[in-house]
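Can you make the complete structure from the sequences, with help from the hints?
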Amino acid sequence: MTEPRFNEVIHAPNRLRICAILAAVDRAEFATLRESLGVADSVLSKHLGALVVAGYVVLDKPTGKGRVKTWATMTGAGREAFAGHVAELQQIVTTAELGSSPLSRGE
Amino acid sequence: MENHSSDDARRSLETIGASRQEIAGRMTRPRWYYPVMGVLMAQLVLVYGLYEELRMLSLVLWLIGAFWLPRLYVARTGVVGRFPATLRSGLVWTLFLLGLLIPMGVTVLRDDLSVGVVVVLALTSLISTIVIGQTLDVAYRADVCRDKELP
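Residue numbers (the working numbering), protein chains in the order written: chain A, 1 to 107; chain B, 108 to 258.
If you are wondering where the hints come from, they were derived from the structure by calculation, not from laboratory data.
A couple of the hints might just be wrong.
[What the hints assert, rightly or not] Non-contacting residues of chain B with respect to chain A, defined by C-beta distances greater than 12 Å in every case (computed): (1) Trp139; (2) Gly172; (3) Thr184; (4) Val186; (5) Phe203; (6) Asp218; (7) Asp219; (8) Val224; (9) Ile234; (10) Val238.
[What the hints assert, rightly or not] Not everything, but these chain B residues come out facing chain A in the computed CB check (under 7 Å): (11) Ser113; (12) Ala116; (13) Ser119; (14) Thr122; (15) Arg127; (16) Arg162.
Glycine included, each C-beta is placed from N, C-alpha and C at the ideal position.
Spelled out as structure tokens, the structure:
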């Protein structure tokens with residue numbers, strides 16, 4: 001069971017979207033993330049850099065023929081942190097819904 | 108710690124859902140993907156059962172396809188999926204493999220098959236690859252779109 005835990009690093013909108021994608025796949029290419037987010041290279045680099053520093057994402061540039069592509073993969077710690085963050089968001093929403101229900105107000 | 112409102116949390120969850128929907132849409136395999144895979148499998152079954160002298164050529168053709176098709180797909184989408192991630196997609200994946208292996212296995216193990224039976228097995232291989240392959244694609248994208256965090 002994932003422990004709900006709010007994560008400031010993940011919560012920033014662009015980083016949340018990056019994590020949402022990376023948690024659902026094995027790895028994604030830099031260009032795919034950039035197109036999906038609709039941001040400039042520099043913006044994506046900055047956010048990926050923050051996730052790399054936090055230990056949530058690793059970047060890989062496999063060498064071979066043709067253009068070198070950068071692939072981003074979420075680490076185990078990243079998946080755990082993202083799962084905790086999602087659980088916390090769900091808990092906030094559930095608590096608010098329960099708080100506003102007629103039953104909880106004693107109606 | 109900063110207090111986060113339920114509206115903010117709800118918006119964040121919607122953002123996660125929308126991002127996953129978007130990436131799942133990108134992961135749709137091209138229309139020709141499974142028909143090509145099916146033809147590769149069917150020709151392997153057909154040639155193995157009927158034309159012994161062409162077996163090596165058929166196998167080489169199949170290997171080239173099996174090597175390039177997934178790579179072409181990854182290059183096109185820029186995503187490598189985590190699959191299978193649920194019991195449902197695992198079952199579809201198993202069914203897909205059985206659809207590939209059973210016709211080929213019967214052809215390899217039985218050397219007394221009539222032309223008609225080999226043709227039926229090849230057609231079974233072609234159709235099952237296309238039909239179950241497309242079901243697999245749907246299951247694949249459903250895994251990506253799941254609301255909860257993947258295990």
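Going down the list of hints, with the structure as the test:
1. The claim that Trp139 of chain B is not at the interface with chain A holds, since no C-beta of that chain comes within 12 Å of its own (minimum 21 Å).
2. Every C-beta of chain A lies more than 12 Å from that of Gly172 of chain B, the closest at about 20 Å, which supports listing it as non-interface.
3. With a cut of 12 Å on Cβ distances, Thr184 of chain B falls inside the contact zone with chain A, its closest approach being about 7 Å.
4. With a least beta-carbon separation of about 5 Å from chain A, Val186 of chain B fails to lie farther than 12 Å from that chain, contradicting its non-interface assignment.
5. The Cβ of Phe203 of chain B sits about 19 Å from the closest Cβ of chain A, beyond the 12 Å cut-off, so the non-interface label holds.
6. No Cβ of chain A comes within 12 Å of the Cβ of Asp218 of chain B; the nearest lies about 41 Å off, and the non-interface call holds.
7. At roughly 44 Å from the closest C-beta of chain A, the C-beta of Asp219 of chain B stays outside 12 Å, upholding its exclusion from the interface.
8. Every CB of chain A is more than 12 Å from the CB of Val224 of chain B (nearest about 40 Å), matching its label as outside the interface.
9. Under the 12 Å C-beta cut-off, the non-interface status given to Ile234 of chain B relative to chain A holds; the minimum distance is some 29 Å.
10. With a cut of 12 Å on Cβ distances, Val238 of chain B stays outside the contact zone with chain A, its closest approach being about 25 Å.
11. Against a cut-off of 7 Å between C-beta atoms, the interface hint on Ser113 of chain B holds, since the closest Cβ of chain A lies about 3 Å away.
12. Annotation: interface hint on Ala116 of chain B holds; nearest CB of chain A at approximately 4 Å, less than 7 Å.
13. Because the closest C-beta pair between Ser119 of chain B and chain A is about 5 Å apart, less than 7 Å, the hint holds.
14. For the restraint placing Thr122 of chain B at the interface with chain A, the shortest Cβ-Cβ distance is roughly 6 Å, inside the 7 Å limit, so the hint holds.
15. This hint holds: Arg127 of chain B has a C-beta 5 Å from the nearest C-beta of chain A, less than the 7 Å allowed.
16. For the restraint placing Arg162 of chain B at the interface with chain A, the shortest Cβ-Cβ distance is roughly 31 Å, beyond the 7 Å limit, so the hint is violated.
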